[in-house]
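Throw the hints in and build the complete structure from the sequences for me.
If you read the protein sequences in the order shown, they are chains Y, F, B, P and W.
Here the numbering used here is used: the first residue of the first sequence is 1, the next is one more, and so on.
Here the numbering used here is used: the first residue of the second sequence is 1, the next is one more, and so on.
Here the numbering used here is used: the first residue of the third sequence is 1, the next is one more, and so on.
Here the numbering used here is used: the first residue of the fourth sequence is 1, the next is one more, and so on.
Here the numbering used here is used: the first residue of the fifth sequence is 1, the next is one more, and so on.
Hints were generated in silico from the structure; no laboratory data involved.
It should be emphasised that the depicted structure is a prediction, and the values quoted were computed from it without experimental measurement.
Take these hints with a grain of salt, some might be off.
One copy or two, either will do: identical chains are not told apart, so a pair holds if it fits within one copy or between any two.
Stated by the list, open to error - Here are the simulated DSS-like cross-link-like pairs (lysine-lysine), alpha carbons at most 25 Å apart as the crow flies: (1) Lys325 with Lys184; (2) Lys184 with Lys272; (3) Lys325 with Lys272; (4) Lys325 with Lys75; (5) Lys75 with Lys272; (6) Lys75 with Lys239; (7) Lys75 with Lys55; (8) Lys325 with Lys55; (9) Lys239 with Lys325.
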Amino acid sequence: MPGVIVDCAIYRAGRRAETPGDLSDALAEARATGDAFLWIGMYEPTEQEFEHVRKEFVLHPLAVEDALTAHQRPKLEVYDDSLFVVLKPVLYDEDTDTVTAGELMVFVGDSFVVTVRHGEGGALSAVRRRLEHEPEVLRHGPTAVLYAVSDAVVDHYIEVAAELQADMEEVEADVFAPNPTDPKSIAMRIYGFKRQVLEFRRATTPLIQPMNRLAFGGVPFVDEHAQPFFRDVADHLTKATEYIEGLDRLLSDALAAHLAQMGVRQNDDVRKISAWAAIAAVPTMVAGIYGMNFDHMPELHQWWGYPLVLALMAGACVGLHRMFKQRGWL
Amino acid sequence: MPGVIVDCAIYRAGRRAETPGDLSDALAEARATGDAFLWIGMYEPTEQEFEHVRKEFVLHPLAVEDALTAHQRPKLEVYDDSLFVVLKPVLYDEDTDTVTAGELMVFVGDSFVVTVRHGEGGALSAVRRRLEHEPEVLRHGPTAVLYAVSDAVVDHYIEVAAELQADMEEVEADVFAPNPTDPKSIAMRIYGFKRQVLEFRRATTPLIQPMNRLAFGGVPFVDEHAQPFFRDVADHLTKATEYIEGLDRLLSDALAAHLAQMGVRQNDDVRKISAWAAIAAVPTMVAGIYGMNFDHMPELHQWWGYPLVLALMAGACVGLHRMFKQRGWL
Amino acid sequence: MPGVIVDCAIYRAGRRAETPGDLSDALAEARATGDAFLWIGMYEPTEQEFEHVRKEFVLHPLAVEDALTAHQRPKLEVYDDSLFVVLKPVLYDEDTDTVTAGELMVFVGDSFVVTVRHGEGGALSAVRRRLEHEPEVLRHGPTAVLYAVSDAVVDHYIEVAAELQADMEEVEADVFAPNPTDPKSIAMRIYGFKRQVLEFRRATTPLIQPMNRLAFGGVPFVDEHAQPFFRDVADHLTKATEYIEGLDRLLSDALAAHLAQMGVRQNDDVRKISAWAAIAAVPTMVAGIYGMNFDHMPELHQWWGYPLVLALMAGACVGLHRMFKQRGWL
Amino acid sequence: MPGVIVDCAIYRAGRRAETPGDLSDALAEARATGDAFLWIGMYEPTEQEFEHVRKEFVLHPLAVEDALTAHQRPKLEVYDDSLFVVLKPVLYDEDTDTVTAGELMVFVGDSFVVTVRHGEGGALSAVRRRLEHEPEVLRHGPTAVLYAVSDAVVDHYIEVAAELQADMEEVEADVFAPNPTDPKSIAMRIYGFKRQVLEFRRATTPLIQPMNRLAFGGVPFVDEHAQPFFRDVADHLTKATEYIEGLDRLLSDALAAHLAQMGVRQNDDVRKISAWAAIAAVPTMVAGIYGMNFDHMPELHQWWGYPLVLALMAGACVGLHRMFKQRGWL
Amino acid sequence: MPGVIVDCAIYRAGRRAETPGDLSDALAEARATGDAFLWIGMYEPTEQEFEHVRKEFVLHPLAVEDALTAHQRPKLEVYDDSLFVVLKPVLYDEDTDTVTAGELMVFVGDSFVVTVRHGEGGALSAVRRRLEHEPEVLRHGPTAVLYAVSDAVVDHYIEVAAELQADMEEVEADVFAPNPTDPKSIAMRIYGFKRQVLEFRRATTPLIQPMNRLAFGGVPFVDEHAQPFFRDVADHLTKATEYIEGLDRLLSDALAAHLAQMGVRQNDDVRKISAWAAIAAVPTMVAGIYGMNFDHMPELHQWWGYPLVLALMAGACVGLHRMFKQRGWL
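Written out as structure tokens, the structure reads:
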């Protein structure tokens, strides 16, 4: 078994039995007993590494091509010998506030499940461990694995959506802060946030239709009795997408509100300039008048001239200042 | 009976009969007579507290999980032994102008109804009391309870929508006030309002599809004859959502109008600055000229020089002021 | 007959026969002959006033509840014994440029029509008079009345849409006027207009689906042969809604254009300030220089100093003014 | 034959036969031979002028009403005895850059076509002439005429869309010109353009559904074998509408870009004012200082005082100017 | 064989056999053996050049008309004797950052494929060469060619989308650069980008529906077993269109963010002007005061008057500057 295989086991009656020596024998035996199935988990296999698996389980070449190259859309494809599901688990990095999407491909067939993982998100060891503690669930075979995997991925969507919601609140606090510390970065933050939302939507929205097929349609290789469970997953998925679309709309609104805020602030500043300029213009003008060199300016020759003019200047400034304050211009 | 059970009663032929001693016996008896049903109302039960109910009424584990954890989307789920409906009653807090959504889960089965409430909104005692005064309605059994509960929730949506409409009018008054007292907060208020609308839509929009199923489709455990009644509820729900979507669009328009208003005001202020600056520049310039120290400035040596220049300054200021007033610049 | 009944008559073979003495007898007789029907028109009846009618025609309690309280959405509801249609005729007030919606409920059953009117719009006397002059139409019974009423309501929509179009042209003239008289009110007018459009849409859009049911589906109590006629009404309704949606989009565009206009004007004003300030700064600066008190400033002692400097100042101002004019800054 | 009839002819086996003397006889004969049909073209007939035609061809009163009054929506209506199609040919006036929509109604029945034209656009003589040169097409009877007419109308849509595209390029050139000659009119032009687009959409969008019915559905009076041809028309129509919707979106984007451009220009101007004001403030301030009347200002009494200060002023101005240029502020 | 035919060959059992001498014979032979087909590739043929091909393969005149004139929408049309598919391969020019769409028409019939290419994009020699190295694919006949061609076109869409994504990142860097080198061009770049996106969407969006028909519906002349392959192409196409729609939305967001940024910068500049003006106003005012010509201004006659005032001016300037820095105004 090459090292790219993360885990591989046969499950009998819902319990982990053994690690199979040979895939063909294991699969034949599992199919014969009807109560067992194989679950192989791989991480970023190359074409050569995957060749053995592909042959044993008769996987469709198109699905295999998709499973080997990352950057697929979430989808559900039914082939003659197996079902192929692409999920995009997302990872939220708290430090950079970024969302990245990994890939998780699941092949479901008669008595086998192959999971192929690309990128960071969607580690399955926790899912496998949890399932191994619930034999009554695992007894339902490959369907149970598909359910558990998609449930884990979709539940994580809701967690990430909650993280984004928390970020949203920070953005709102920034936008509406009375004295924003860094107004220049607000538009950039909102935009960056929008990109994260787009990334998130690319992972989640195309999954709605496949999930609904699992929840309502008769998809082969999937146990009909599992439909309520997939319905539950589809419901959570819808919740996550609705949530994130709400966030997206709020972000647009926040940007528009930010623009309006800037307009208000700018107007305030413009009004303040005009007010200060008006106040400063008065003493300068008065000083200019008494700086004129006319021979006959009687005020200039009175001892009270200078103090009076100074008082007049100060008075005008104070008076204007008070008036502008009252009118809310300063 | 644990304290988490708010009320619990058997209804016979539309009338409250007694509080059942034992759920199993009561249910068996109700099913036998065919004319009776149990209605249990709970408030935020824990898993242990709910265990007894879950077992007696054979509720589906997925539904039970949803009923115990809040933060569900409105939905209708049909299981083998019961129907599960999630409603999100909203509460409007007049002081803070905020909308909060609680949760109300209803299990409807053969001869029983279980209502589970989370959060503040959607208290059911009034509904129960009203129903107990209308035995001809209550006679229809669990369907009547489901109808009465959803009717109450949806009717409250319309009331909250009316409250939001009243708020909208305040916002409009603020946006278009000739001298807004606090222009800085307008964008924030509109944005805050948009959040409330989003909260409201999250509660109402996903409910449309379930309500239409109750109104048109053949949902088990629901009396076919009740369809016109659910149609009425669905109609009110549509009205509430249409209403709130209209408000949402108006809010965007109000924000855009606010932005345009700010542009107009700013332009007014810019024009005013330019006008005042022009007026103030004239006497300052004239004073500067007569403050020059040339030897040969004949005006300086006439007795009429000073008063003439003062008059000239005043005249220019008054003239400009009048001109600018006429052109609407001041 | 209570005074709330506006008009009440039996029609036989398309012609007004008599005012019935007793509803039961009249209805029984009309049903017996098959060629006659009753048409009762009421205006804002109270529950008591409506009770008699409700009983005679076996109207459904939910429909009656809707008919008594105003503020319904347009809809079509089929009950066992009658059809219930809610229309929202609109009124356009030329003085205030506002659109208000009234309500018009129509019950159509076997050999009877009941019309209930709320609010100002949708007076039916003209419709009734016109129908009474077209016996070949009225012969088709209740269907003809329903058609005539909805035709009148929808035709009025088109008239109101034309009025709004005329208003739109006024708004456009305001937005793009070279010297708008009252720029402050433009955003308010556009916003106010949007509210009218919203009011109009609330009346018209929900009616599309019911009209299409009348035009295409097999609605009971409605003559199949009338479908082309209802198709015509549905077509006019679609025209009105498309028209008003076009207006709505134009309004948004007009607001955006207004915003851009304000930007252009503001920029013009900013450029003008800078130009005037530059012009005014030159003589002030020159005057300042020759107002300095240095002992050795040879120009000060020449007889040509003062006139030259004055000429220089004037020349600089004129030159700058001309240059700025050429560059389109002033 | 009244003068309102533009042209009227019988076609036999795809060739123009004669102008009929009497409509009834001609129609009866055409129907008898099965290989001939009548085509009557009218221009804005009055009710009286149309009465004869209406009777002969048993046209439906609702269709006749529509055909006589202009301002209809594009539609396809099937009646018992004929098909009624409303088309809205558009006219593009290059001088005023405006789009106006005329009306073209086509009645298609057993062995006859009636075309009624309102307004400027959609003259049919060219279509008729072209068809008369293609007897193998005209042989297919009324269907061929309907096809040829709608093909001509829709092909003209594509031409008008191309004209609008050319206008769009002019608008773009204006918006992004480095020194726009008339920035004030840009928003107005974009808005005016949007109105033309709206006019165009009103003519084209509602036609999509009727064309698809002709292309796919079994419409009576229309030859099934003509479906690929109507599919071609529907395809061109979709192209025209997609094209114009693309233009509409581009116009919104252009307006937004214009707004952003104005913001950039304004900011440039604001920065320039601040820079020039800073430059002008320096010599004024220095001159003010040396204009003070202190007894002990040693610089005033040196012969180098005045030239030094002048040099200092000039130096500061040049230095600041250079610095601002470097920083891109001027 | 005219020179407009780029390549022409008979394929037998998946291998290139020979260049046919006469089309009729070759086609008859291919149809007889059932295992062979003809593939003719043409480049911008004229009507005359195409006439021979049209006749041999009995192509539908409407399809031929479309194939000869460029500027078609992507579509799939089924005729009696052949299938007609229009694809729009796109070309991305790195130098001008522009997207141009060419045209690729494919006729698929019984034992033949005709490909007609217009414009720059979509050269097929690489596709043909690749196919000729995969005889097991080519063995599936015309369907394989149609698949290979559409796969190549759609795969190139994804590459172009990736190029546009890279451009997007440049635009983002420009928008959010702290000191953008050329802010004037940002709106223009975003707008130009939007045009490219529109061009791209015109090529891709209308193709979705045809591809889905190939992937799911029973299209004649297409091998049913190829459906999963066309599903794969449809899936990639959906990915490309979703991707580009995400870009389009991001561009709108970037433009809005740019607008908000401009608002912030402008406000900064306005605040800076006001601050500098306030600083410069102080010494000018003080100098004005001591430039007044009052007889009794005791400070003027003290030796410390001048230095004190100079110090005072400098102190006020420094103090204000520090204060404004602290408040973040400078």
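We went through each hint and held it up to the structure:
Proximity of Lys325 to Lys184 under the C-alpha cut-off of 25 Å is restricted to the inter-copy arrangement: shortest distance 17 Å between copies versus 29 Å within a copy. Proximity of Lys184 to Lys272 under the C-alpha cut-off of 25 Å is found in both arrangements, the shortest distances being 21 Å within a copy and 15 Å between copies. In this assembly of identical chains, Lys325 and Lys272 lie within 25 Å of each other by CA distance both inside one copy and across copies; the values are 10 Å within and 18 Å between. Taking the shortest Cα distances, Lys325 and Lys75 never come within 25 Å of each other, neither inside one copy (64 Å) nor across copies (56 Å).
Taking CA atoms no more than 25 Å apart as the test, Lys75 paired with Lys272 passes in neither setting, with 59 Å inside one copy and 55 Å between copies. Taking the shortest Cα distances, Lys75 and Lys239 sit within 25 Å of each other both inside one copy (19 Å) and across copies (11 Å). In this homomeric assembly, Lys75 and Lys55 come within 25 Å of each other (Cα to Cα) only inside a single copy, at 23 Å, whereas the closest approach across copies is 38 Å. In this assembly of identical chains, Lys325 and Lys55 lie within 25 Å of each other by CA distance neither inside one copy nor across copies; the values are 84 Å within and 71 Å between.
Taking the closest pair of Cα atoms, Lys239 and Lys325 never come within 25 Å of each other, the shortest separation being 51 Å inside a single copy and 48 Å across copies.
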